[in-house]
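Below are the chains, spelled out letter by letter.
Number of protein chains: 8
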Amino acid sequence: MSERADVRFDWERETRIGLCEAIWGEHKTAEQIAAILQQSAERQQRALVTRVTEAKATTVQALLRQQQLETPLQWHEHAHGLSYGVLPEARPELGEVMVLGGGTSDRTVASEAQLALRFHGVTAELMLDVGVAGLHRLLGQLPRIKPCRVLIACAGMEGALPTVLAGLVPQPVIGVPVAVGYGVSAGGRTALEGMLASCAPGLTVVNIDNGYGAAMAALRILQIQSVRTT
Amino acid sequence: MSERADVRFDWERETRIGLCEAIWGEHKTAEQIAAILQQSAERQQRALVTRVTEAKATTVQALLRQQQLETPLQWHEHAHGLSYGVLPEARPELGEVMVLGGGTSDRTVASEAQLALRFHGVTAELMLDVGVAGLHRLLGQLPRIKPCRVLIACAGMEGALPTVLAGLVPQPVIGVPVAVGYGVSAGGRTALEGMLASCAPGLTVVNIDNGYGAAMAALRILQIQSVRTT
Amino acid sequence: MSERADVRFDWERETRIGLCEAIWGEHKTAEQIAAILQQSAERQQRALVTRVTEAKATTVQALLRQQQLETPLQWHEHAHGLSYGVLPEARPELGEVMVLGGGTSDRTVASEAQLALRFHGVTAELMLDVGVAGLHRLLGQLPRIKPCRVLIACAGMEGALPTVLAGLVPQPVIGVPVAVGYGVSAGGRTALEGMLASCAPGLTVVNIDNGYGAAMAALRILQIQSVRTT
Amino acid sequence: MSERADVRFDWERETRIGLCEAIWGEHKTAEQIAAILQQSAERQQRALVTRVTEAKATTVQALLRQQQLETPLQWHEHAHGLSYGVLPEARPELGEVMVLGGGTSDRTVASEAQLALRFHGVTAELMLDVGVAGLHRLLGQLPRIKPCRVLIACAGMEGALPTVLAGLVPQPVIGVPVAVGYGVSAGGRTALEGMLASCAPGLTVVNIDNGYGAAMAALRILQIQSVRTT
Amino acid sequence: MSERADVRFDWERETRIGLCEAIWGEHKTAEQIAAILQQSAERQQRALVTRVTEAKATTVQALLRQQQLETPLQWHEHAHGLSYGVLPEARPELGEVMVLGGGTSDRTVASEAQLALRFHGVTAELMLDVGVAGLHRLLGQLPRIKPCRVLIACAGMEGALPTVLAGLVPQPVIGVPVAVGYGVSAGGRTALEGMLASCAPGLTVVNIDNGYGAAMAALRILQIQSVRTT
Amino acid sequence: MSERADVRFDWERETRIGLCEAIWGEHKTAEQIAAILQQSAERQQRALVTRVTEAKATTVQALLRQQQLETPLQWHEHAHGLSYGVLPEARPELGEVMVLGGGTSDRTVASEAQLALRFHGVTAELMLDVGVAGLHRLLGQLPRIKPCRVLIACAGMEGALPTVLAGLVPQPVIGVPVAVGYGVSAGGRTALEGMLASCAPGLTVVNIDNGYGAAMAALRILQIQSVRTT
Amino acid sequence: MSERADVRFDWERETRIGLCEAIWGEHKTAEQIAAILQQSAERQQRALVTRVTEAKATTVQALLRQQQLETPLQWHEHAHGLSYGVLPEARPELGEVMVLGGGTSDRTVASEAQLALRFHGVTAELMLDVGVAGLHRLLGQLPRIKPCRVLIACAGMEGALPTVLAGLVPQPVIGVPVAVGYGVSAGGRTALEGMLASCAPGLTVVNIDNGYGAAMAALRILQIQSVRTT
Amino acid sequence: MSERADVRFDWERETRIGLCEAIWGEHKTAEQIAAILQQSAERQQRALVTRVTEAKATTVQALLRQQQLETPLQWHEHAHGLSYGVLPEARPELGEVMVLGGGTSDRTVASEAQLALRFHGVTAELMLDVGVAGLHRLLGQLPRIKPCRVLIACAGMEGALPTVLAGLVPQPVIGVPVAVGYGVSAGGRTALEGMLASCAPGLTVVNIDNGYGAAMAALRILQIQSVRTT
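Chains as they are written, first to last, in the numbering used here: chain A, 591 to 820; chain B, 591 to 820; chain C, 591 to 820; chain D, 591 to 820; chain E, 591 to 820; chain F, 591 to 820; chain G, 591 to 820; chain H, 591 to 820.
For the record, the hints were derived by calculation from the structure and aren't laboratory data.
Treat the hints with caution; some may be incorrect.
Stated by the list, open to error - Below 25 Å or equal to it, Euclidean Cα-Cα: the simulated SDA-like pairs (lysine to any residue) are:
hint : chain 1 : residue 1 : chain 2 : residue 2
1    : B       : K736      : A       : E604
2    : H       : K646      : H       : Q664
3    : E       : K646      : E       : P682
4    : D       : K736      : C       : E602
5    : D       : K736      : F       : L725
6    : F       : K646      : H       : Q664
7    : C       : K736      : B       : L729
8    : F       : K646      : F       : Q657
9    : D       : K646      : B       : G777
10   : A       : K736      : B       : W601
11   : A       : K646      : A       : Q629
12   : A       : K646      : A       : Q622
13   : G       : K736      : F       : R681
14   : A       : K736      : A       : L718
15   : B       : K736      : B       : D719
16   : G       : K646      : D       : T698
17   : F       : K646      : H       : K646
18   : H       : K736      : E       : I814
What the hints assert, rightly or not - Okay, the calculated bits of chain E under chain H, using three or more residues with CB under 8 Å as the criterion:
hint : region
19   : 602 to 616
20   : 757 to 768
21   : 789 to 796
Just so it is clear, the structure is predicted and the values come from calculations on it, not from any experiment.
Using N, Cα and C, we set each Cβ at its ideal position, and we do this for glycine too.
Chain A with its partners taken away, still in its complex shape (with noise of 0.2 Å):
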């Protein structure tokens, strides 16, 4: 049985739920997601596919390749994923979204995130390093913050970013948890509870690491407009 007989997609979720299909890229091989960005470039789609090694990423596109489909593969380094078909125009329309992150070692996910974002035409900022043990640093950048109309803080260790942020602004906070950390930090799950267990009102979490996830809540709040009108 070849790998493309087995897939099922779902290639109604845009029309149903107004996200596009993504594919989690962790625990497919190469030859998995090939076969799916195959079916895309037939239906003439559009597709996202999160956490790809640069290895896995570099094979996929030999792959299309072999098939003339590699022309609108990108490889996105920060976030950690591929994206096949043209990128839309923007909608600014929508608003903006600031993606925060304590430390260097968030950026990757919140790269995923802004990558989703952009992916679906909402601009997305990144504004690293406003962790909460040199405060300052993010009460000198409220400024810039206040603007946006959806955050997502992104934070390791502790994870007291999205508490201190949903206490201080008055904008939907998606906390994403990031499995940095060691000891009783390593995998993400302090930060998490963390942000769980958060006394700030109002702060929303995703799983660990889940950039993408938060990246579709923020979506969904932002196209919140056509809801209302139905």
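Given the structure of chain A, go ahead and fit chains B, C, D, E, F, G and H onto it with the hints provided.
For chains B, C, D, E, F, G and H alone, kept in the frame of chain A given last:
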């Protein structure tokens, strides 16, 4: 030192982030709650107390009566909450919220979310008994769900309701794990982790039984317009 | 002491409980596996080895070739398994089993179940990509599912597939949590506990990634007639 | 809003999957249970309520008496359950189930399984005190065990009973971990994980103390004939 | 054997390490506590009993009254502690300690630390309601915090207070996680791990609710001069 | 600072408690191990190094050869251990130990126990493949087990072997959980807790994979006569 | 069905493994306990019931009085145990056991071990308050400890007592973790894992609070002579 | 975007809290580390990088050499750290710190603490191999320990060293759990919880393997004089 001297209440919260401060009643004595409400009375501010047993509520009421302050105090039986001050006018321009629950046992948490929204002028409807083991019940309610701007989905046991819901509709879905269960699901951990691990994109989650937090997250989303124009 | 002298294999298992002994290959060396298969050859018994990497399988094959015993050894790529001996005739009177999986990443586990059933003469079909985030995919396959006598449902992430399935159909459903996920779902614990906590009545569960065990549970069910007549 | 208006009961369950809906009584008030049973009365359906204390059962009985509906309500002391409606005729063609328990402390869980089966017309016998620390007790009972079509094995502490049993006999064995123990075995986790980790092939497991669930799994197996002929 | 014969109390502790022995009252009966205090009386040593409920304290008082030993016994309501013997003179040369708390619910733990310090002659001030969700409250108190030589920071929920504090000031900060919370923060684990995982350098931590231990750690620090001159 | 200067080895252990000091090799470099063995040579003491890979053993051997000290160094393949110095005469008056294991995968741990006993002059026999899923294998070996004075029972997966064994025979049984398994049994936790939770009276347990510790516990028991006469 | 009909008691245990069967009283009702003791009376066997509250013991006594069977029933206050039948003569030839405890709070567990040994004719002495935070207390008792043949060391909190003890003396040391503590040590887990992780060689461990189990392990060791001569 | 543009380093930390910022090297690439050190060079600030493998250190060195900035970069082999800039003069007026370790395997963590102190001008001595299983080793070193002002005690396995130490001497003791162990002690959790649960009063703890954090806590204590005079 009297109880009252102790309180350093966050009275500026509403101005700063658009949410009224709420008093988490579970770990406070009736005397501590009454002391805080007395300050509310002096500042002519409304206040919401969550997680209060009926017995504790009655004691608070008696304590305030001694100060002739009990008039605007109201006990909300299903939500296990106390509100102090006249509830605000409804703000229909913000849109409606639907609070769903897998079973009858989710009602307290769902009602807490409903009360916290009403306390901020937002109308929220309850829809219980739509658990995924009898899927037709949820599918049959989709027409009522679709016009709502934000969905809050409460579930205990395996907590699959928000996952199935977020795969069906485009709105922001906030999952609230409920501490209803036994064995591996006792305490709500399994429901929480099931929601965080969800294969549905863009679902966000709050702490176990945190109906109030889910309501505040919904309120941040609904009030987003004011952010845009800033 | 030679490897072989060590083995006290449960050769009587098939007579006693109707299931062939299988060799769990993960924690055994190629030499240990080859020594056991050599005994199978001497006793003219079939044997199934699970959880073997391709490299280890190749080494086993080479070792048996030295003994001129490699002929009936077969490598099953998708299932990561080795079978020794001629596979038995199909036993259609036992009925069919359907092995479902939420996504492409569940294939190895699902294939292990399929292989273990085939090794006992039971036909099992694979149906992947029916995860609950796109519910229409599962609902559309119900007609194919209904004639099967036992259902094995493999799922990682939040593991909701067996719950939804067991709410829709009357057959025995055996849930197999799969170690596919990240953050809270890494290692398969969340899927496992979600299945155990299921609100659907009569769902049973096996250990994480235990496709073989699910197959043996299905086989016990299918062979139940022989019990009745005892 | 009255309690009754809330109920969206899954009345079609029996038609759909062949199992009567049961009411999990633990997290419900006597008033909520009575409201559901009142609907059962109107629809002339039987109902089973599990995990009810004697005190709660008495209150439910009193509430139904006010509606003159108490006649077919029956309290099952060992199983901590309430049945509403006349129990069905025995269906000997389905075969018998044996419910085994390691010790006296497993009786409540074992009796719940027995009651749930009887509620569907299946005869189940109880066999307690066959724990593996005194192995001769179990070995001496094998002749009584062998004619049963499905075995439900309840055990607390280290939970080894189902493992030993599944190594001795060919029938489907459903392990039910029981929350009997202290220290590492308090709450039933160790029994649960011991059953999942079992070295005996084809053992399946349900949630801790889930006698009802084990009974429904057995019922799905016994009713499999109807599937075959579809 | 009488209760008294059992006691092998560490009377030399003060000479050896400069800290009075304290009696952990939680798992002891009033009779056991009274027996120890009677020995204190005979040796003319002061004693501190922590974690005593008001009812148990009253019983201890009554038991000592029978021996005419109750005079110097004092109940400390906020700290849930009993002190036996005249409290020592203040030792201002050691410097002051500030005990901070995120919210009103941290008071018992903070008061235990304050009492244990006072029992050794150290003045400690309490500063509650400076949680990080309303950051201005803490920032406004920095001038009062700066002159203190050691800071003890108590916090439940996500436990971020000590992290933010240790990023702002140079003193030793001892974090005390408090068992105030629900869901993931119930029992104080999340606060504990958040403090251990802190991104602020040089924060140390004691066990959950261990106000007494934090006080003894502060005392070791304050008494360090005597070490230097040895 | 040379590696050697660091070592403050417990050379008096044998005199004090009758057990030779052993070197836990897992977290030490070959250089650190060689430095310790060099000191053994100077003091003319025997030494045992556990948990050494073959590669590390070879490096140690090479390092000692440079010092012309390698002669009495011996690599024990099955036990993954190194012994330095001539092994002592057998002490048959202490009695024999039997080391049992559920399956082939328990051999390394069982062999470590055997080697550590032999290093102290005690004869220990290995008996593998007596897991409880095929009970007849264990029952058939009881005559060989009965003359042994102490039993060490190694088991992974659900770890039921020591429980069943301790229910059958009167000797001291020391359970050794083995880190063999997957899913819930990965890492040996389930086996460990199953042994601790055992319903068989008088079973004691050591840490996961701690064959050496079990051997030392057996040795303490066998050497008990010298205690009596003191 | 009467309570009595249910009991399949392991009466042959003493013959088989030299230990009397004991009844774990915690999860049994007074009626269930009385029914078992009534059988003891008929068979003229002694019986030991552990983990009985004073109230339950009184009820059992009353129930047996109705049968005129209460004469040899004895309540042991410190051990929370009931013995039925005349306690046996002391067997000094087996040697003595010392039961040590870190603090006063370990007394119940230590007393249970003492009672269980006395029930089998073994003399055991109690030595409490020898915790490692005041090391001189333990060091001062070594002369009393040395003549004992087996040591049982009970400790809560961090559980370091058995580790320090096993480093000082050559006898078998059985660690009993005690559920005394708070925060991370609540429930006894930390003490248990500290004992299992011990750097002292040859320490073995039983379940939390399992004084009875430690006693039976000591008894197996003391009765080892009978094994030798077989 | 170049790596450098990203860095928002906390350069003011030393002025604010008296501790130099350190760079946690584990989750950063050599390129990210080099970019930060380049900024250090421009600002003429010293910098400390912890948790760097030798290979990564070499790459950083090569990258800085390209910028002709490598001169003051120094690799510290035992501590796995990099220092940039000239190490400061010793400040003997602050007093000395002793860093103790249970065994040879604690050396990396202990050395990290030593290096971090030296980087701030504080002299710290290492004392390894004083684990509690051979207590005489620690007791023999007390004279060397007593003159030190602060003690840092590193221990893996059961982590009892800081407990025993804090019971013997009056100084501040900072416990550092070390991730050395296997089975239940793998990863350092057991050592951590043992230290938190300690029965010795006034022991504080940092995260597993956090030698740097313990050093900064010691530094805060040693620098306390400047606080007093403020």
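Evaluation of the provided hints:
no., hint, in the structure
1, B:K736 <-> A:E604, "16 Å, holds"
2, H:K646 <-> H:Q664, "13 Å, holds"
3, E:K646 <-> E:P682, "34 Å, violated"
4, D:K736 <-> C:E602, "18 Å, holds"
5, D:K736 <-> F:L725, "17 Å, holds"
6, F:K646 <-> H:Q664, "29 Å, violated"
7, C:K736 <-> B:L729, "21 Å, holds"
8, F:K646 <-> F:Q657, "17 Å, holds"
9, D:K646 <-> B:G777, "22 Å, holds"
10, A:K736 <-> B:W601, "21 Å, holds"
11, A:K646 <-> A:Q629, "19 Å, holds"
12, A:K646 <-> A:Q622, "11 Å, holds"
13, G:K736 <-> F:R681, "24 Å, holds"
14, A:K736 <-> A:L718, "16 Å, holds"
15, B:K736 <-> B:D719, "18 Å, holds"
16, G:K646 <-> D:T698, "20 Å, holds"
17, F:K646 <-> H:K646, "24 Å, holds"
18, H:K736 <-> E:I814, "11 Å, holds"
19, 602 to 616, "holds (count 5)"
20, 757 to 768, "holds (count 8)"
21, 789 to 796, "holds (count 6)"
Taken one by one, the earlier hints fail for this structure at numbers 3 and 6, listed in ascending order.
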